[in-house]
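**Student:** All chains, full assembly: derive it from the sequences and hints.
Residue numbers (this note's numbering), protein chains in the order written: chain A, 1 to 318; chain B, 1001 to 1318; chain C, 2001 to 2318; chain D, 3001 to 3318.
These are calculated hints, taken from the structure and not from any lab test. Be careful, since some hints might not be right.
Interface residues of chain D toward chain C, partial, derived using beta-carbon atoms under 7 Å [what the hints assert, rightly or not]:
| # | residue |
| --- | --- |
| 1 | Met3001 |
| 2 | Tyr3100 |
| 3 | Pro3188 |
| 4 | Val3212 |
| 5 | Phe3216 |
| 6 | Ala3226 |
| 7 | Asn3253 |
| 8 | Ala3262 |
| 9 | Pro3267 |
Beta carbons: idealized from backbone N, C-alpha and C, even for Gly.
4 protein chains.
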Amino acid sequence: MNTLGHIFRLTTFGESHGTAIGGVIDGCPSQLELDFDFIDSELLRRKTARSSTASQRKEPDQIEWLSGLLDGVTLGTPIAFMVRNEDCKPEDYEALKDIYRPSHADFTYEQKYGIRDWRGGGRASARTTLPVVVAGAIAKQILREKDIQIIAKVTEMGDAEQARREGDTVGGIVECCIKGVPAGWGEPMFGKFSAELAHAMFSLPAVKGFEVGDGFALAKMKGSEANDTFINKKGKITTATNHSGGIQGGITNGNDVVFRVAFKPIPSLAKPQQTVNRAGETCQITIEGRHDVCALPRAVVLVEALAAMVTVDAMLLR
Amino acid sequence: MNTLGHIFRLTTFGESHGTAIGGVIDGCPSQLELDFDFIDSELLRRKTARSSTASQRKEPDQIEWLSGLLDGVTLGTPIAFMVRNEDCKPEDYEALKDIYRPSHADFTYEQKYGIRDWRGGGRASARTTLPVVVAGAIAKQILREKDIQIIAKVTEMGDAEQARREGDTVGGIVECCIKGVPAGWGEPMFGKFSAELAHAMFSLPAVKGFEVGDGFALAKMKGSEANDTFINKKGKITTATNHSGGIQGGITNGNDVVFRVAFKPIPSLAKPQQTVNRAGETCQITIEGRHDVCALPRAVVLVEALAAMVTVDAMLLR
Amino acid sequence: MNTLGHIFRLTTFGESHGTAIGGVIDGCPSQLELDFDFIDSELLRRKTARSSTASQRKEPDQIEWLSGLLDGVTLGTPIAFMVRNEDCKPEDYEALKDIYRPSHADFTYEQKYGIRDWRGGGRASARTTLPVVVAGAIAKQILREKDIQIIAKVTEMGDAEQARREGDTVGGIVECCIKGVPAGWGEPMFGKFSAELAHAMFSLPAVKGFEVGDGFALAKMKGSEANDTFINKKGKITTATNHSGGIQGGITNGNDVVFRVAFKPIPSLAKPQQTVNRAGETCQITIEGRHDVCALPRAVVLVEALAAMVTVDAMLLR
Amino acid sequence: MNTLGHIFRLTTFGESHGTAIGGVIDGCPSQLELDFDFIDSELLRRKTARSSTASQRKEPDQIEWLSGLLDGVTLGTPIAFMVRNEDCKPEDYEALKDIYRPSHADFTYEQKYGIRDWRGGGRASARTTLPVVVAGAIAKQILREKDIQIIAKVTEMGDAEQARREGDTVGGIVECCIKGVPAGWGEPMFGKFSAELAHAMFSLPAVKGFEVGDGFALAKMKGSEANDTFINKKGKITTATNHSGGIQGGITNGNDVVFRVAFKPIPSLAKPQQTVNRAGETCQITIEGRHDVCALPRAVVLVEALAAMVTVDAMLLR
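**Tutor:** In structure tokens form, the structure reads like this:
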């Protein structure tokens, strides 16, 4: 359950303050000369994105490549990589060891496993998405050669600076567009391109909504408004509008694949909150750690990365 | 890709106007005495739901059980079942054989497979969801013994009767609540309960949006508004509010699991539409067949069925 | 667990004396015009093979195709098919209802599921391999277009006619050769071509041994005897000998893939045997039913069918 | 394809002379206090086993645990670990860079991937089985608590010392016994306990044969000789003999699970061999590296490890 994909598969491992965070990519085509600068720049996008809205944790995020490469070229064998968790301050969290932070996964992990790594959210920390950025960057490189581009942006976000002053946090929406996917990708029934995207996006922490094309707005339209008329554009069949977001019957129609992902606000607040501890006693907490006010800026590269992985997987299945 | 689930697995088969529609359920616990009346009543919900808003196609929908049962009791082996497509009028569709209906899967299936069953939507027809109702009914029976209930309802829908007069169609939203799921179900990372639900719901035709808890509305909230405070309610730890929809970190927290699914309007319109045919020529179509004005009433039992399947699967994985 | 394959996937269902036996093939390429005569002839091979050594059960084995085809051409959607169990005489088995037949699966199924279909072996009956012949015939048709041939034969078998007179049964060995597989098929590590073949063959009832190339005999050789020297044969690199059976490091080397499968004797004996019943009481049984003296003749087409399925799957993964 | 198992899953990575060899174990139960001494002793068994018959490569084989543990206790999250390849002498292999060693995977990997790591066999090296020992040790620890024991031994082996003098190598057979598995484990049809064992064993380098119980010898027996009579032994139903090797219909019957694995001789010979190079030219090679004369002693712990993994997986599926 820590693996995503059918052919291009990423298995991730790591807790926020364990020894390392990393992943194993299985099914990556061989003879690909990895663009390490691009991978680093994607990791940097994740980091610099965090400027004003982000936490103060400083990790060098230096990737160590463990396998699957010969002189930087993929062998077709599993590509394992990891990043050490160097800047650990578990003592920041010790006070929270026995307390269930509201809307965090502390309580649910403990219910599931009977144990949890209480240091910074453990396996449920946003830090565990780092391997997704790495795998996504490789997927993007593969798609680049097919002239497929993936571009996401924040289209809605609360007022982060005000929230910071109030010790509060904000959520928002990321919109993503996959350009250049040919018609005919995706599988019918239980392997729809839209279903795979939905599954992937809901793997990100804090995601609570996903819609394709006009999404929820389609629920209010009439068929005559919502339908995408087919037209012949210089010999190529396409649609005049794109309410469907490039997917019909779960399969791409050649138009841009467009979707939106809703993120709830980060649950770690600087302002005091009421909660209960392990013993079931009511208590108050103030989360002092180094936390983002808003996950949206860093979510952009994550949404792109997962979209790239889903798209490469559909390409390889095809 | 025609299989859903990890332990409790449904594989479906069938085209709208082929010989039969059916499924194979693998991983159903043994020694369960199937409640055939309940299964029939669920199929009936799907049918009678279609009264005013639905198509005129009349199928007896008589299930034939092919395997996996001894005197109505499950053996633990695959349960295969089918329903014959008796009321076939493929000639209704012959006129559409070479035409791509707007916002249908005609074009995308042909791009993917180089061939498509043009009779009534083929594999992309809503009729192919019938096996989901059967598997869902069995899943509900399993959950009933654990006091887990699944109830969905239409919470938003266009004006169907007006649309019918105009030769148009409408979409809407189905909300679903899973009551009684214990805390600790679902998997971390890529197997989140929310991700499995999203995946399953996007398998339904016409689904374009999915949200858990307050969903997209959370994107506009502050953390202090969105967080669910833990409380001790008579010795049991629960949350005072349920903005998270019963899921935190992808794992159930013991509160009701609540989600909403957005359906676009049915794309088959009685009113004339412009499109192109296989040769790329512009043409006009009027879809005369027997079609629903709105898929929502019948979608309710489908949403419940898939939710039941995902929940049983999480239970068995646990 | 009733599914075999990664891309070309067969899910089977059915008990020996239930309503029907059948399967669902997912992942079969579209636009293939099925050679129904060939499929029937493969089923006939299974039946006529049973002449002198085989049971007297007469099944018309008329395949009913349920989905996935349009005018006999594959749509790319799941191909479901079934054969009804018409000639059922469960009363033949009623006497054995509470008795564990030696070296049959009666006891183990009951331990696993707490229930079993006691009529003719239920799910563990050799009859449940019928869908394998159908899927194998389709796989062979796909391979035929790539000039890949699969030929199996019985290379060792006890004296069946003598065994019949004695109320006894015999086992034997089937050898299979896959000709024309290009070098480079199969996956490393846990997806080796040899491992996939072994897995598939052990799915057949009564299989107790499997070896590739010189197999167990290699354990007695020296490296200098066992190694296959590479040679350049008219510009093509191949091996002078084929001790490895066409597979090195789990991947095909372009030479014939050769393997052998050992079958134990059929455990149903006409001569009296001692055993225990459900209550744990010692008792004697004489199995009167219509049973083969030797499974080998019919096993030939089964071994070929599974080999074809594994080879097509490797081809599609490639 | 670098993953083994359904619930207890091991994904491995690494090439013989890359940065590191390692694995990720997903699905290990939480709250297990790992017995690190036992894991080290299993790794040591692999190393010391190599005394007289083994290669001279010295690796400290110090495991670095990367994730999934808190104070040595499993969290239920993925357990990642690695061992660095410190003692690399790739120059030993440079001469072989363009030469296909007979009965090695050089040629097949290159055919499959168009590239290969020529340093010491790369991904096809026996060194890549190290993660199997680690995962197997954890699996054994889990089984120990259920009183299930796994013991393998070499039952047949060529004369290693003579072979060494001749610059040759030998193969052999490992027999393994799983004691204490309850009746009812394993799945029917395509998930048989025997099939899973066969699949796992064929994942080891050099394995060319696998048999359960009396295996190939059963092909020569009559049913009356091969059948295992059920008896009531002090209130417990068991079998008087164990020709079936503890498995009937693919499911365990409570008796010892017994199987044998045939290994071909190691293909790296000190004596000269003829082969071809990349250009297709005939050439002679003498493999000077540090190589085992016989893989059997170290294979014992590998066979046990895989058997333990398959057994734990069956237990968790149950």
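**Student:** Could you run down the list of hints and mark each one as holding or not?
**Tutor:** Hint check:
| no. | hint | in the structure |
| --- | --- | --- |
| 1 | Met3001 | holds, 3 Å |
| 2 | Tyr3100 | holds, 5 Å |
| 3 | Pro3188 | holds, 6 Å |
| 4 | Val3212 | holds, 5 Å |
| 5 | Phe3216 | holds, 4 Å |
| 6 | Ala3226 | holds, 5 Å |
| 7 | Asn3253 | holds, 5 Å |
| 8 | Ala3262 | holds, 4 Å |
| 9 | Pro3267 | holds, 5 Å |
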